[in-house]
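Residue numbers (the numbering used here), protein chains in the order written: chain Z, 195 to 353; chain F, 15 to 773.
Everything labelled a hint here was simulated from the structure, so no lab data went into it. Take these hints with a grain of salt, some might be off.
[What the hints assert, rightly or not] Here are the simulated lysine-lysine pairs, DSSO-like style, with alpha carbons at most 27 Å apart: (1) K75(F) to K147(F); (2) K86(F) to K197(Z); (3) K177(F) to K147(F); (4) K324(F) to K418(F); (5) K517(F) to K31(F); (6) K435(F) to K407(F); (7) K366(F) to K324(F); (8) K197(Z) to K177(F); (9) K144(F) to K198(Z); (10) K198(Z) to K140(F); (11) K217(F) to K201(F); (12) K28(F) to K581(F); (13) K144(F) to K86(F); (14) K197(Z) to K144(F); (15) K103(F) to K51(F); (16) K435(F) to K366(F); (17) K324(F) to K144(F); (18) K348(Z) to K643(F); (19) K31(F) to K418(F); (20) K198(Z) to K86(F); (21) K103(F) to K366(F).
[Claimed, not checked] Incomplete in silico selection of chain F near chain Z, CB under 10 Å: (22) T35; (23) S166; (24) P168; (25) I169; (26) G529; (27) F530; (28) A608; (29) H612; (30) K643; (31) Y645; (32) I707.
The beta-carbon is built from N, C-alpha and C at its ideal position, and this holds for glycine as well.
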Amino acid sequence: MAKKYHVTTTVNGDEYEFLCEAQQTLLDALRDELMLSGTKEGCATGDCGACTVMLDGTMVCSCLVLAVEAEGARIETIEGMANGDELHPLQRTFLELNGLQCGICTPGILIAAKALLERNPDPTETEIRYWLAGNLCRCTGYDKIIRSVQAAAKEMRGG
Amino acid sequence: MATILEKSGFNPDKKLKIVGTSPVKHDGIDKVTGRAKFGADLYLPGMLVGKILRSPHAHAKIRSIDISAAEKLPGVKAVVTRADFPEIKAGTPDGDMTRNAMAREKALYDGHPVAAVAATSESIAKEALKLIKVEYEVLPHVIDPVQSMQPSAPILHDHVRTKGIKGADQPSNVIERLDLGIGDVEKGFVEADVIVEREYDTKPMHQGYIEPQSCVASATEDGQIELWCCTQGPWVFRDRLSNILKLEASKIRVQQSEMGGGFGGKTGFYGEPVAIQLARKARRPVKITLTRNEVFRATGPVSGTKSRIKMGVKHDGTITAAEAELIFQTGAFTGSMFSNAPQAMFTRYNLKNVKTVSYEVVSNRPKVNSFRAPCVPQVVFGVEGVIDELARKIGMDPIDLRLKNAATEGYKTIYGETFGKIGFVETLEAAKRCDHYNSPVPPGQGRGVAAGFWFNRGGETTGTLNIAIDGSVTLILGTTDVAGSRISISMMAAEELGIPVDKVRAVMADTHSLGFNRVTAGSRTTFSTGMVIVDSARKAIAELCKRAAVIWGVPEDAVTFEDGYCKPAGANVGTFEPLSIAQIAAKTMATHGAIAGHSEMNVTGAGPGFGLHIVDVEVDKETGRVDIKRYTVVEDAGKAIHPLQVEGQYQGGAVQGIGWALNEEYYYGEDGRLQNPSFLDYRMPVASDVPMIGTEIVEVPNPRHPYGLRGVGEVPVVPTMAAIANAIGQCVGIRPQSLPMSPPKLLKLIEQARAQNGG
């Protein structure tokens, strides 16, 4: 049996402890150890963005971060995006403008889009497209994703 | 049994309150909060991790497999090989299916499963795979389908004799030759003033769903199986699993997860039978989630093709004849559905003389699987190129040439169906009217158009509508929701019942809870399940009327239903306040118990779909890079039940086609191994690669559907590559004939064009 490491970390404001093997990724730990399965695996090689989370305020592919690196870190995932019963404006615009079809890429795209709007509240279409270029979507052709982000940005700027 | 629905059809006078609006889909909230459960999101107590050992060879005899060391590794709970799968005759559909799931006599492609383990952790499972000793006898392999057709090619299956060739008595890699035609092409070509003949090739592309296949299988000691998986067809999976594992269908319960993209690629199983056999051996639940590497190496791409296409036209624009020779690579096993291609490739034009010869060929690559309009976009890539060239040669606008030859109601197709009311002319006219086509082509850019057709499908479908005691409604559906069919079907139910769509909720059934449903494929789900649920709603309405009659003490036929209320049919019935569904439902205990409607049909009457794409491109003459500047999809939806979702289908299909057109292809090494099994090296379009995709929804109602819908999932990818190639041709001076139209290939064309123009 491979040796396991003890990790203490904060996810969406809650403190968690888990045991993991040295080679386990943060993505695996979130899903398999903490049962936070909202973060998705599409490739496990950092190419699709489905596993995007925030790690100490930085956007990362959680499949490229080792679980042990989460020690003492502050992690934000899709499960923490809504504020109680109140959806984040991005979650709402994605629903209203059909920014999702199958929904598998949606958690990663929402996390990435939120990170964008926190840095740049008024991005151009091109800036949104390049920011989200690391998040693959095979269903939508991106059109309605971009429009959903634009609508949320506008709303968050106060209309 | 004649259903209530079959007596009606499309009602143009029905006033619509819900159909045609775009409410938020009910399953959306779970998908924006991370709550939705996809294939990999089920965790069961005691669950093991399953991993599959795959052949590193493209073609090899499997002499022996020694699993003894793997079985002894602590934490390993089961190991399975071919010895754990029932023997089924090779060359039968079930024989092929079991051999694709687990190699028997031979490994037929790089990535072909040869053994699998279930262990208490992923790291133990991976270590166990390394302890399995497989003795291979490596055989010569063949990747390219044309090489595979040569007499000297290594034979994949000794039992194959080419179907469709009389007297074929030698083993061959050609599974089938199919001849399909109408009229007299020789005569047709004699009548032509201009003839164009070109050769084309397209490459296999992967469906590219972001969710890798994942499943969890559980088994009881007495042989009951539960399977959770992302599938486009739970019932089809169950029945095929029943066949290859020799288990009774009633003992296999398949529960579909949310579907993280399928596009046809999840119509067949991969790890599922392996997980079941591991679970039966281990007596614990087993989860198998494919890696992206496994998805690329071993799950179904789309057929690559070689084609020769010849068409003739008169100076007045009448197309007189069309001829095609087509080769489809199907991977290691048959199943490409290549017969779609000769049936659909020219269908949309009212041709009288058509001749096609098609071949399906195996080679040492993963078995292909369905993808939007299987095998059709590949050959339309050529057809619409020839048509464009014909238009230029006779000096006619490319849309006008298509209009001149457009099929209309009454045209008898090559596959025998006579078209009813179709919307190809209306689609072309809408394209001619749209802003994109009427805007001048910006300097330095090229514009291309191309048209496409798909049959749209019906098929066996089952569904149930239940009315709750408070008058709200639940639907039990079986056809997998791949992109939002649940909301569209809920909208049709609400429209029928005259209630807000928010009062309706749909759930996806497992295979124990509903009768058979064919796979979600061919743009059939919103159409077919919509039919079944409208039928169920009308049955429930008939029952509501009966109950109202009981409550009022009047004859059944004295009650009618209108806008959500049962009302007296006429003044002489008596004076009664209309009863709402909720009021009637509240009294079901006193009347005759629960009110529900159920329907099963083999749905017919799918309305053919047509589209025309317009695209403007810019080609960097120094690098060969293509920039898609503007794109418009014009397509007949029949009726857009949920316009935002219809637009989404148009846009998504077009962007998949952009990837297929410009980037996506597989690279095999000399050793027959796939060299680019990752999203880094297999380049699908990202957000910065594409512009907004304009849409024009044309609505020529399908007379055979109560709301007139046709199905919109397939057509959006059919003309894409052709439209882009036609646009590139305008830019570069030579129309590309080979996919993908990648920078190195386009640079060659640019040089060739320069040389032709005297440098």
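Now the hints, each set against the structure:
no.	hint	result
1	K75(F) to K147(F)	14 Å, holds
2	K86(F) to K197(Z)	20 Å, holds
3	K177(F) to K147(F)	38 Å, violated
4	K324(F) to K418(F)	19 Å, holds
5	K517(F) to K31(F)	14 Å, holds
6	K435(F) to K407(F)	32 Å, violated
7	K366(F) to K324(F)	14 Å, holds
8	K197(Z) to K177(F)	58 Å, violated
9	K144(F) to K198(Z)	22 Å, holds
10	K198(Z) to K140(F)	17 Å, holds
11	K217(F) to K201(F)	34 Å, violated
12	K28(F) to K581(F)	18 Å, holds
13	K144(F) to K86(F)	13 Å, holds
14	K197(Z) to K144(F)	20 Å, holds
15	K103(F) to K51(F)	37 Å, violated
16	K435(F) to K366(F)	19 Å, holds
17	K324(F) to K144(F)	53 Å, violated
18	K348(Z) to K643(F)	25 Å, holds
19	K31(F) to K418(F)	38 Å, violated
20	K198(Z) to K86(F)	22 Å, holds
21	K103(F) to K366(F)	43 Å, violated
22	T35	12 Å, violated
23	S166	39 Å, violated
24	P168	33 Å, violated
25	I169	36 Å, violated
26	G529	26 Å, violated
27	F530	24 Å, violated
28	A608	32 Å, violated
29	H612	28 Å, violated
30	K643	13 Å, violated
31	Y645	9 Å, holds
32	I707	5 Å, holds
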